[in-house]
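Trainee: Under full-length UniProt numbering, residues 1 to 716 are what the sequence shown spells out, in order.
In case anyone wonders, no lab produced these hints; they're calculated from the structure. Just so you know, even glycine gets a beta-carbon here, dropped at the ideal spot from N, CA and C. A couple of the hints might just be wrong.
To be verified - Distance ranges between label pairs, derived from CB positions:
(1) G51 / L356: 31 to 37 Å
(2) C353 / K330: 17 to 23 Å
(3) C353 / S56: 21 to 27 Å
(4) L356 / K602: 17 to 23 Å
(5) K689 / S548: 48 to 54 Å
(6) S526 / E644: 53 to 59 Å
(7) N339 / V522: 41 to 47 Å
(8) G442 / H647: 55 to 61 Å
(9) L668 / F409: 33 to 39 Å
Stated by the list, open to error - Straight line, CA to CA, 27 Å or less: simulated BS3-like cross-link-like pairs of lysine-lysine:
(10) K343 / K566
(11) K602 / K363
(12) K379 / K360
(13) K285 / K343
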Amino acid sequence: MTTVRQRRVGKGTEAAEDQPSEETNVKPDGKILPDPPGGKLWNILSITVGGIVAISLGLITSVYVATLHENDLWFSNIKEVEREISFRTECGLYYSYYKQMIQAASIQQGLHGLVYDNKTESVRTINILERMNVYQEVFLSILYRILPIQQYLEPVYFYIYTLFGLQAVYVIALYVTSWLLSGTWLSGLLAACWYITNRVDTTRVEFTIPLRENWALPFFAIPVAAITYLLRTHLQPAQERLTLVAVFIATFLFSLTWQFNQFMMLIQALALFILDCLDMLPAAKVTWLYIIQISGLLLVCVLQFFNSMILGSLLISFNVSVLIARTIQKNLKKGGLLNRLGKLILHVLLVLCLTLLINKFIKKILNLESDEHIFKFLKAKFGFGATRDFDANLYLCEEAFGLLPLNTFSRLSSTLLFYVYGFVLFLLTVAAVIVAFRNLSGSNQVPFKEKKEEYTVTLKPDAAYSLVHTVLFGCLALSTMRMKYLWTSHMCVFASFGLCSTEVWKLILKCLHLYTSQRTQVIKYSIPIIILLYISFKFWPGIMDELSELREFYDPDTVELMNWIKSNTPNTAVFAGSMQLLAGVKLCTGRTLTNHPHYEDKNLRERTKQIYQIYAKRSPGDVYGILRSFGTDYVILEDSICYERRHSRGCRLRDLLDVANGHIMDGLGENEPDLKPSLYPRFCEEIKKNLPSYTMHFTRVFQNKTFHVYKLAKHK
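Construct the complete structure from the given sequences, taking the supplied hints into account.
Mentor: So, in structure tokens, the structure goes:
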């Protein structure tokens, strides 16, 4: 098991000025008045200072997480095999393709090895570029080969520094989004500081570097910032076109780098759909955003050799359904309240039915079953019946796919983030309900001047989008802990925007009958500055202590195993074992695998369940037959799985296998009435007794405190 241990000693805030979030000098006829010369100069100065602060905070964040990574593992001092082992589970698998491209004789040969790969899954040739989102590794390896940096920078450092550099892009995008929403870069400064001080809940890049989300989330934050800008009023046509291009490029890059792209973009599409139904966004811009999502995903589909899972995604079916439904129901936004509500309900039902029909039709035509495990998992997770499905239970029993722990909120509250977020969320939700009711009741037809005098509660399109975005991703995070990083980062943006927003404080002060323009400006700047000072005084010493704590990587058993495999097995040897361990075997030794952690393939899931019978109650003959059917030469057994204590009874891997096989589970506790005792003992325990029925098939060739490696006999 990989651990870290204590390393042995051997050898000021400037005054912020408003950068209006909407053009303030606008005539009633919509024409924009020119800014006075002094105001224009001040705006340029404010944008310049804000931009410098944004870039500085991005670079600071990048250096911060890079330093934490170095201090935690002593990465610069450990051996190459230890560096590679530190890329745990699927991280190691993804990095192995970067290493493979670097070590290939030529770029063409490297690409050929990925397109016709026969080492990731034994007795099977697969297209890695189709199955996995590894174009970033391909691009980075090509960049490393063509740049004159080989003498100065090792490939692994080029890789990890790129990921840490993307953190700078991520923070800058969050900063800009908050700035655009509030109109002041002080809001962006607060958002970035909250992101850094809540690092435990906003990112995990320092210890899961190659994980797909660490590539994808910066490219997800960029279109959010671009959409925020796009939803402003009075944009020039050229500005709109450039912004749409930026949204398309960032959406494409996000889709290319993460296999869960379709689900994140579906939530984004749902946010647009809700706001469009409530007449809170410009319909033309929403249409373009739907088209951009479809286009970006289809382009990725082409690059991934027409990956059927993309074609069968709910996102494409949903967006197409919305566009069709809007064409059918052209008078959706006309009429009184009851008329509009009736049309709206019909519209939602039409979109839902069309989405299901189109998706079902596509999956039937393509015979698509790659994502069925996700829907089985969701069905079981939300209580639509218990399941004995091995794949669904494997997800259900993982902490990362469980509910968001309550201690998350206590950590977020310690920086005041969650308190401010809740306050802003409540205010804007109330405002959104009022505005939505007004829109549906037809009151938006009141002339501009009259409406402005009559109603004090307004919600700009960009703020409305940010509100629904944070609510939907909040629901996702609450239900699935692994997805919290999409929510908590935007939580920093949303809370800082509300705290620095003129509209929010204007609404509060008017409700209290205390509103003046000067008072609003004072509060808008003073409270964020006070919170920034509080964060600095409270968390700066802790950050310094964290940066001064030195540890080192320590996993001698895995290092010993990898070195033994490289020295004592042929290059063509096929290894079976747990998904997590085999990813490291491929990276460190280059040997062929029977299975791996990239689980988005039905055949691989079935294969993994069969391989895992080494931890079930099966006869040695059965296990041997299964392993040999996949060409296995060696099988690695792990005591940490065979005698697992990390999960409670019912969630241990051996329990999931027992239930799936119809056998009663080990230990005290209840079993379902139709489960039966197995005729055989547990394979991973019994094989260690060296009984003749086992030794005729398996010979132990390596063992340490953690791992046992057995060579399979090759019977004729």
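Trainee: State for each hint whether it applies.
Mentor: Consistency of the hints with the structure:
In this structure, G51 and L356 break the distance hint of 31 to 37 Å, their C-beta atoms being roughly 46 Å apart. Taking 17 to 23 Å as the suggested C-beta distance range, the pair C353 and K330 conforms, at roughly 19 Å. A hinted range of 21 to 27 Å for the beta carbons of C353 and S56 is inconsistent with their spacing of about 51 Å. Separation of L356 from K602 is about 21 Å and conforms to the stated range, judged on CB atoms against 17 to 23 Å.
Checked against the hint of 48 to 54 Å, the pair K689 and S548 passes, with Cβ atoms roughly 50 Å apart. Hint check: S526 to E644, Cβ distance near 54 Å, so the stated range 53 to 59 Å holds. Restraint check, N339 to V522: a C-beta distance of roughly 46 Å satisfies the suggested window 41 to 47 Å. For G442 paired with H647, a C-beta distance near 56 Å keeps the hint of 55 to 61 Å intact.
Checking the proposed 33 to 39 Å range against L668 and F409 shows it holds: the Cβ atoms sit about 34 Å from each other. Restraint check: the Cα-Cα separation between K343 and K566 comes to about 67 Å, which exceeds 27 Å; the hinted pair is violated. About 14 Å separates the Cα atoms of K602 and K363, which keeps this hinted pair within 27 Å; it holds. Restraint check for K379 and K360: the C-alpha separation of about 17 Å stays at or below 27 Å, so the hint holds.
With a C-alpha separation of about 22 Å, the suggested pairing of K285 with K343 holds against the 27 Å cut-off.
Checked against the numbered hints above, the structure violates hints 1, 3, 10; every other hint is satisfied.
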